[in-house]
Every structure is written in structure tokens, then in C-alpha cells.
Amino acid sequence: MPAVPSSLLEPLWVQFAALLPLRPEFDPTHPLGCHRRAVPDRDVFEAVVRKLVFGVGYERVAEPGCSDWVIRDRVKAWTALGLAQEVHRLALAAYEKMIGLRLDDLPADGCLTKASARGETCGPSPVDRRRQGTKRSTMTDAVGVPVGLATAGANRHDSKLLEPTIGATKQQLGDILPEHPTVHLDSAYNGKACAAVLQAHDLAAVIAAKGIKAPIQAGKR
Numbered sequence: 002m003p004a005v006p007s008s009l010l011e012p013l014w015v016q017f018a019a020l021l022p023l024r025p026e027f028d029p030t031h032p033l034g035c036h037r038r039a040v041p042d043r044d045v046f047e048a049v050v051r052k053l054v055f056g057v058g059y060e061r062v063a064e065p066g067c068s069d070w071v072i073r074d075r076v077k078a079w080t081a082l083g084l085a086q087e088v089h090r091l092a093l094a095a096y097e098k099m100i101g102l103r104l105d106d107l108p109a110d111g112c113l114t115k116a117s118a119r120g121e122t123c124g125p126s127p128v129d130r131r132r133q134g135t136k137r138s139t140m141t142d143a144v145g146v147p148v149g150l151a152t153a154g155a156n157r158h159d160s161k162l163l164e165p166t167i168g169a170t171k172q173q174l175g176d177i178l179p180e181h182p183t184v185h186l187d188s189a190y191n192g193k194a195c196a197a198v199l200q201a202h203d204l205a206a207v208i209a210a211k212g213i214k215a216p217i218q219a220g221k222r
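Reading the sequence shown from the start, the letters are residues 2 to 222 in the numbering used here.
Careful: at least some of the hints might be erroneous.
What the hints assert, rightly or not - Derived lysine to any residue pairs resembling SDA-like cross-links, with alpha carbons at most 20 angstroms apart:
1) K52 / P147
2) K161 / D110
3) K77 / S8
4) K171 / K77
5) K52 / G66
6) K52 / S8
7) K193 / L178
8) K211 / G192
9) K211 / K171
10) K211 / D187
11) K211 / S188
12) K52 / D69
13) K77 / T122
14) K52 / P22
Hints in this document: simulated from the structure, not taken from any laboratory.
Based on the provided sequences and hints, a complete structural model is requested.
Here's what the structure looks like:
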């Protein structure tokens, strides 16, 4: 069973392929031009989709002729070109046209994830015995569609990522974003620094107060 139906995968690949730079069949720096051909971008793209859908490591989605190292190297190259952000922008524009984003209310919050392979946006996690982790700050529309993302080391406070998260949201949405949306935040953002950021971006905010339960509870452990 494919990770994504072909009716979704094929148009996504067509848009993604249009953003890719031309790749020669052989490395032009090779003196004979007779070394092994590069793995096709389509094969790597489908492997990345499987990784995202199933939430597994690269080694679990690798296949003969498309190793996990090839996938990692190609993803790094695509990341340097900003292709993921561009595909996300196209997806948001298409979603707005076909279904409609609910952008009058924009919740934002941070979460911690493990980062055992380390990297530029890693830091000691305060909840995992200071093992390497990443803080991801995400802003969504009113029904949970991700519209902006910022990352930093796990030891960064949520409030420090409000500015880059809002900036990423504005960049990804462009003209789709209404003039005066309301940002919904938890009590970690209740401070002068966050108030200044919201004022600079001309955004209204609803910030939870400490000691007061939210009207809708996620449930107890």
C-alpha cells in the first residue's frame, strides 16, 4: 500500500519537480563520465514522503539503489534551496483556494522533540536529562493547519520563538493573511517581550493566565 494515494502524490511531485534545478545524468567533473548514475530525484522524493507519513528514520524507507545516505544528502541539498518552504507555500495557497483557511484565529505553541543526530538547531533538553533536542514553535489556523514554523535548541523558551514564528507565518501566507488576526497563546507568552512583538506585528492576542484553566481541556493523564 502506498504511503500517499497517487492522486495526491503525482500532482505534488509535478510541482516539486518544477522547482528542482537541472541535474546532469553524470557528474561533469568526472574525467570519464562513466561512474554510477545519480539516484533519480523521484525515487528520493517518494522515500521522503514515506518517512514523513510513517514517522520513521531514513534507514527504514531506504531501498536497494536508494540508500539512507543518498536520501539524507539530497534532503540537505533541497533544504539549502528552500524547496520545502516553497512547496508549503504552494500547498497553503491551494488549500485556501479549494477549502479555505481559517486565519482569523492563530494558535501558536512550542514542543520538544529528540535530536539524537544533533544539528544546528539542537540544545540540551530540560526534560530529557539534557540530551540533545529541538524546540519547534508552530502556528496554525483555527482548525490546526500548520502555517508557520520556527526551530531552535531544546533549551530555548517558547516566548523567544514567537518573533520568528510570526515572521515565518507571514512569509508562508503572504497576501492570504488577513490584516488583524488574533493570536492565541498559553501563559508562557505572558510578558513584556511578547507584548512588544505582537504590537510590532499589529496583532491582537488572547493569552492564558496562570492558575485559570482553559475552557476546553485536553484530558488528564
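Going down the list of hints, with the structure as the test:
no.: 1; hint: K52 / P147; result: 18 angstroms, holds
no.: 2; hint: K161 / D110; result: 11 angstroms, holds
no.: 3; hint: K77 / S8; result: 27 angstroms, violated
no.: 4; hint: K171 / K77; result: 24 angstroms, violated
no.: 5; hint: K52 / G66; result: 17 angstroms, holds
no.: 6; hint: K52 / S8; result: 19 angstroms, holds
no.: 7; hint: K193 / L178; result: 25 angstroms, violated
no.: 8; hint: K211 / G192; result: 12 angstroms, holds
no.: 9; hint: K211 / K171; result: 29 angstroms, violated
no.: 10; hint: K211 / D187; result: 9 angstroms, holds
no.: 11; hint: K211 / S188; result: 6 angstroms, holds
no.: 12; hint: K52 / D69; result: 11 angstroms, holds
no.: 13; hint: K77 / T122; result: 14 angstroms, holds
no.: 14; hint: K52 / P22; result: 23 angstroms, violated
Consistency note: the structure conflicts with the earlier hints numbered 3, 4, 7, 9, 14.
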